[in-house]
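Student: Got chain A sorted already, so can you dock chains B, C, D and E onto it with the hints?
Protein chains in written order, with the numbering used here: chain A, 570 to 895; chain B, 570 to 895; chain C, 570 to 895; chain D, 570 to 895; chain E, 570 to 895.
Treat the hints with care, as some may be off.
No copy labels: a pair is met if it fits in one copy or bridges any two.
Each computed EDC-like pair below joins lysine to aspartate or glutamate, with the alpha-carbon atoms no more than 20 angstroms apart [stated by the list, open to error]:
id	residue 1	residue 2
1	Lys890	Asp614
2	Lys643	Asp774
3	Lys890	Asp750
4	Lys643	Glu764
5	Lys643	Glu633
6	Lys643	Glu612
7	Lys890	Glu738
8	Lys643	Glu785
9	Lys643	Glu738
10	Lys890	Asp649
11	Lys643	Asp800
12	Lys890	Asp833
13	Lys643	Asp806
14	Lys890	Glu790
15	Lys890	Glu783
To be clear, the hints were calculated from the coordinates, so they are not data collected in a lab.
Remember, it's a predicted structure, so these values are computed and weren't measured experimentally.
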Amino acid sequence: MIVDSALYRHGARVPDECEAHDYARLRAEVREEGDFVWLGLHEPDMDELSEVAAAFGLHPLAVEDAVNAHQRPKLERYADSLFLVLKTLWYVDADDAVETGEINMFIGPDFVVTVRHGRGADLRPARQHLEEHRRVLDHGLSAVVYAVCDSVVDAYREVALELEQDVDEVEESVFAPTRSDDSARIYTLKREIAEVRRAVLPLRDPMRRLAAGEVEGIAPEAGPFFRDVLDHLGQVDEVVDNLETMLSSAFDAQVSRISVQQNDDMRKISAGAALVVVPTLIAGIYGMNFSQMPELHWTFGYPFALSLMVGSSAVLWIFFKRSGWL
Amino acid sequence: MIVDSALYRHGARVPDECEAHDYARLRAEVREEGDFVWLGLHEPDMDELSEVAAAFGLHPLAVEDAVNAHQRPKLERYADSLFLVLKTLWYVDADDAVETGEINMFIGPDFVVTVRHGRGADLRPARQHLEEHRRVLDHGLSAVVYAVCDSVVDAYREVALELEQDVDEVEESVFAPTRSDDSARIYTLKREIAEVRRAVLPLRDPMRRLAAGEVEGIAPEAGPFFRDVLDHLGQVDEVVDNLETMLSSAFDAQVSRISVQQNDDMRKISAGAALVVVPTLIAGIYGMNFSQMPELHWTFGYPFALSLMVGSSAVLWIFFKRSGWL
Amino acid sequence: MIVDSALYRHGARVPDECEAHDYARLRAEVREEGDFVWLGLHEPDMDELSEVAAAFGLHPLAVEDAVNAHQRPKLERYADSLFLVLKTLWYVDADDAVETGEINMFIGPDFVVTVRHGRGADLRPARQHLEEHRRVLDHGLSAVVYAVCDSVVDAYREVALELEQDVDEVEESVFAPTRSDDSARIYTLKREIAEVRRAVLPLRDPMRRLAAGEVEGIAPEAGPFFRDVLDHLGQVDEVVDNLETMLSSAFDAQVSRISVQQNDDMRKISAGAALVVVPTLIAGIYGMNFSQMPELHWTFGYPFALSLMVGSSAVLWIFFKRSGWL
Amino acid sequence: MIVDSALYRHGARVPDECEAHDYARLRAEVREEGDFVWLGLHEPDMDELSEVAAAFGLHPLAVEDAVNAHQRPKLERYADSLFLVLKTLWYVDADDAVETGEINMFIGPDFVVTVRHGRGADLRPARQHLEEHRRVLDHGLSAVVYAVCDSVVDAYREVALELEQDVDEVEESVFAPTRSDDSARIYTLKREIAEVRRAVLPLRDPMRRLAAGEVEGIAPEAGPFFRDVLDHLGQVDEVVDNLETMLSSAFDAQVSRISVQQNDDMRKISAGAALVVVPTLIAGIYGMNFSQMPELHWTFGYPFALSLMVGSSAVLWIFFKRSGWL
Amino acid sequence: MIVDSALYRHGARVPDECEAHDYARLRAEVREEGDFVWLGLHEPDMDELSEVAAAFGLHPLAVEDAVNAHQRPKLERYADSLFLVLKTLWYVDADDAVETGEINMFIGPDFVVTVRHGRGADLRPARQHLEEHRRVLDHGLSAVVYAVCDSVVDAYREVALELEQDVDEVEESVFAPTRSDDSARIYTLKREIAEVRRAVLPLRDPMRRLAAGEVEGIAPEAGPFFRDVLDHLGQVDEVVDNLETMLSSAFDAQVSRISVQQNDDMRKISAGAALVVVPTLIAGIYGMNFSQMPELHWTFGYPFALSLMVGSSAVLWIFFKRSGWL
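This is chain A alone, in the form it adopts within the complex:
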């Protein structure tokens, strides 16, 4: 599905609605140095993308990747065009989960084709923002590549913030005096953090190359901007790294705390039951049927036995309290 397509000249959008099957005509509009076409697609099938590939001369291996999605982030050169794969991330509040999509970019000398997979990571705001800042857009293709990368990585940062909050909640729950089993939640968070890492880590190398101005086809002057993106990527990586470490510690702490609490419970129940064991023995003794048991005939035999019971329990109670068992 074509989401949007336009020709840009001197940093301004040249109105030109492109229909499907019409890609060659669109590209032919490029006449002056600096003109370029930005074609945005959403989950195209093989047929749709093949036509685009024919018009723009895209490499079949890259096209296959762009249709299948589920690539690792990477930046590769095929003949005279670049192929950039980005994973997109967004946080779904409803189920506290991180979802992933993908953006594939074909960057040629006079065109950018963006292929988006998944619901998240809409590129429309990035495009509008660019179109409103003619000075930026005037830098041509590189500005578009930067804008897309920047918006994708900004979304990572938001996801990282959400995860930070989730970890804070887990932490609070683990160290709260109330009992709770957070192991499933910790596990899920670890999975999501792993998801984020899979998006972030492989992207660092492409961004480094872009920041260093080493990538042919991207203006070296755009370096500082990609360095900025790389920096944000580094922040996300650091945050997520730290969250993972803290989660592991939190998991260990909770295992230890639960075990301590449970053992405390058992000890208290056992000690409580032990308090009753001696009185029961005393009752048993005075329940014996010996013909010669002087206490049975004492006037205060019964109260004596009762106080013996209470006394023995009291002694045990004090002993248990002192031992920290009750």
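Tutor: Chains B, C, D and E alone, transformed into the frame defined by chain A:
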């Protein structure tokens, strides 16, 4: 055992059935630039392979490796031919296990000899696919090497998918409310993941060299195709890496959950038993044989004792419930 | 907020009170080679900093970073000025916590602008110390950069010392014979150590470059001084690394010790209760109502039963003591 | 002790029995290009080796190393001779243990001196094999170095196989339904694996240099052979690495399984005891001495009480079974 | 405090007792090429060292380091002199602890100043040994630097041996059938091992540079000697690395073993108590007061009841034995 042998010229198979002992004649068919022979063997013994080695000039150390199998994946140059070792993997549904085989390739200037060990990883589909795509096969030997690598690594991806599913199942079982001991299964999965890694990790360096076009004897133009294989390898590695981490977390989570459940059981049983301890004491008291025990002669002495028992248990019950012990 | 601003010439402060909005005039004072302006700001908003940026030609990306704070430590070149980000750390005794702030430095050919965030890490002492040591200050801008880095890293060392003390306390508590649950405290310390690392680790690369004299705009003669800072950074890193390892070991040790203690308690309680079980059985036996029970009619039947009880308990007691159960 | 000594010329052994103190004469036999002496010693003392050192011009630091043994594997150049240290490993079936020895080689332009420590790793088979393959021995010194390295590393492979089998046994024992404490055995295996690693890891670098033909004094043509040794080393490393990981997992699994089994036992015992608690209470109730207890006078009072006991136990039994507690 | 000072010429000590404040005169004695002064200080204060610094032209940053101690091992160049920091280690038998000191060396073109901190690591034996080996000392300054490094690293080896013994003891204690809590001892050993590592690890790089002859001011001919030191350093590192791993495994094993033992105890106590539960019930039954209880009037009712008790306990005993619970 010879599986298949053929001469390829201009991307087409030249019909020529090679018998055993006839390798020299087969090779002599190579006349034009670009002609090459592809000889496929399955678990040959030393004698069989020695004849092949004599005809194609294979290095004795490589031949020994190819007969023994159990090599690590590697790409090595011996004089003017290359020796490539690949581990093959396939998933056996019947026992949820990953099995391994091996493919050894001798790549000379005008021949490819593939030696396959193990049941899996049939090369016939790859050969057929090549023969049907003359345009690809026209690239000569490099196309064959790529086709074999590609089909082997594609099989890794399938295995990784199966393992991913197995891990998902384990995960579900661990966090299910029912009790199950998944430690043996987690252990087995870890073993299988280690198996996959042993196939994948050492192959990365050869693929990188092939992708970079650094390997003499393989066309540098084939680089992007090997880069694609390398990319798939990277995906498998990433998946498998992640599975391992998740399995470790799942194992820890299950140890913790089982321990929590078992302690809960013990606490409930103990608390339940403790409920009966006080009534037993009361029964013991009124079973004592003191001559002076007023309650024994009360009209409602018996119901009084019974309600004392019920009452004390009820008090304990409420207390235990409040403490979260029952 | 402007904290301080001055022009320095030949290592001496030239009195010149700069008002807000007056930055251009301040900079225009720089006339001779070696003159420079040092402008110190505290948590400026975008407007304040924009004016400064206009006067000193700061790069918009760097300015944005300086306003937002929450950067990772880094040293970057934007056109003809440097941008250095440092995290500041201080230890708050009241709540045993490490707090973080940030210092951003813009270093141009004839100016230093320091932007400080957070309460800690006051730069006034560093400035005063410099102004009192004219010989040092005479080295110009590089001396200022060194002085700031040195004072920031010295603060890291103090924080590391405080953390070392905290870890010593935890250690003592873990191995003390009294019982205590230190898991929450260990967790908090790990968090704080992670905080320190996030300040220290990314700073090593900039310091290494400064120490090697590779950074254009900073005098290579200042190398040994930055090497000293780098060395201190290395010490902090080492201390903190070690603390982390020891904390993990301490955590494991405490989990193990608590579990041992709790199990000991349980065993003692159970063994204690078991001592009473046999006498209770004996009492039960002599409480049976058989018409033919010779012991019941013995003269010393009752003392016999009592001594049987005491004897059996004593035997058990000795057995339990020997088994190490009591 | 001199084990064997000989002069080799054109790949053949020249009969010449060397006595102690006679080394200079032996060396003087070397007349033609390609001739070389191979002197084999077993645990010589300082005096013996000093004489050898004098005759062959060995470096004092290397000689000291060769007498003391307990070196790490290494390959070093001293003036015009090489010094190679190899650790030897062998598996002692009797006590399932890996034992270690050491081989030190001095490699000069026309001599090889091998100094062996420990009982294992006899070099005689390697020497005989070489002498029987004149074509190999004709390559001179390099062939000897290769033969020794090859036989040492082959022994590593055998040890690795034995360890693999031991780990398989442990694994089976851990996951067997019978109970066993394998922690001591796992610990011992880990120690032995560490032993193997200490032999294997530091040897990789010398082998890599030999394989690359970078070592002056060793024929670059021998490269593929050393590459083969390096490959075997890599296999041993991989096997041992994997064994270590699996042992750690097996240890964790066994800790978890034993804990689960023990808790199961406790639960069953507790639940079993709990079954008897309620009948005991009932018996206690009907043992009370109230004058007004109607049940006591019922004709079927006794059977009624008994069936009450049986019934209550049965209800508990069913409940416990359903809860999975019995 | 000046420990010793001397001028060395042609490998011999020139008698010359240096008083404090007299350093300049001492240095002036250096007249011929190859002469050098070796001044040994022990824990000098700032004033003492300042005078030395003035006489020998030492860099203020290095002097500050040498007074403060608590540096990380390092080798640095300040103008025309070298500054080498070594950590010294020694094992105090009395409290099984590793203590640390520090040696700082200033190495100029014609002097060595050694500044020692801490009680251990006396340099006198090294100096005497050198003075007795004129041939070695004739190599000048480099021989002194080597001698100091060698004696320091030899002390590391002794410490490593002591730690190895301590770990062996812990290991034995962990796997002994007697019960012991070794967690505190394991923790302490880990701390000491960390101490050793902090001395060893950062020293490897300086030694490597010295061994490679890359350090200006140290004779490249001394390379093999420093390579020897580096080798010893590598051995210590390996030993200590291994000890750490084994300690972690030993800790895990002991946690598991203690837990197993404690659970065994609990099970035995519980099972023992359970043996008495059924006889107690039987006694309770025959203690009931029903008017119609035929057994009570049997002649052998009492023996019957007793044998019922014994029988039921015996059955339970056999069952528990078979289940492995007793």
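Student: Please flag the earlier hints that this structure goes against, numbers listed from lowest up.
Tutor: Violated hints (numbers, rising): 1, 7, 9, 10, 14, 15; every other hint is consistent with the structure.
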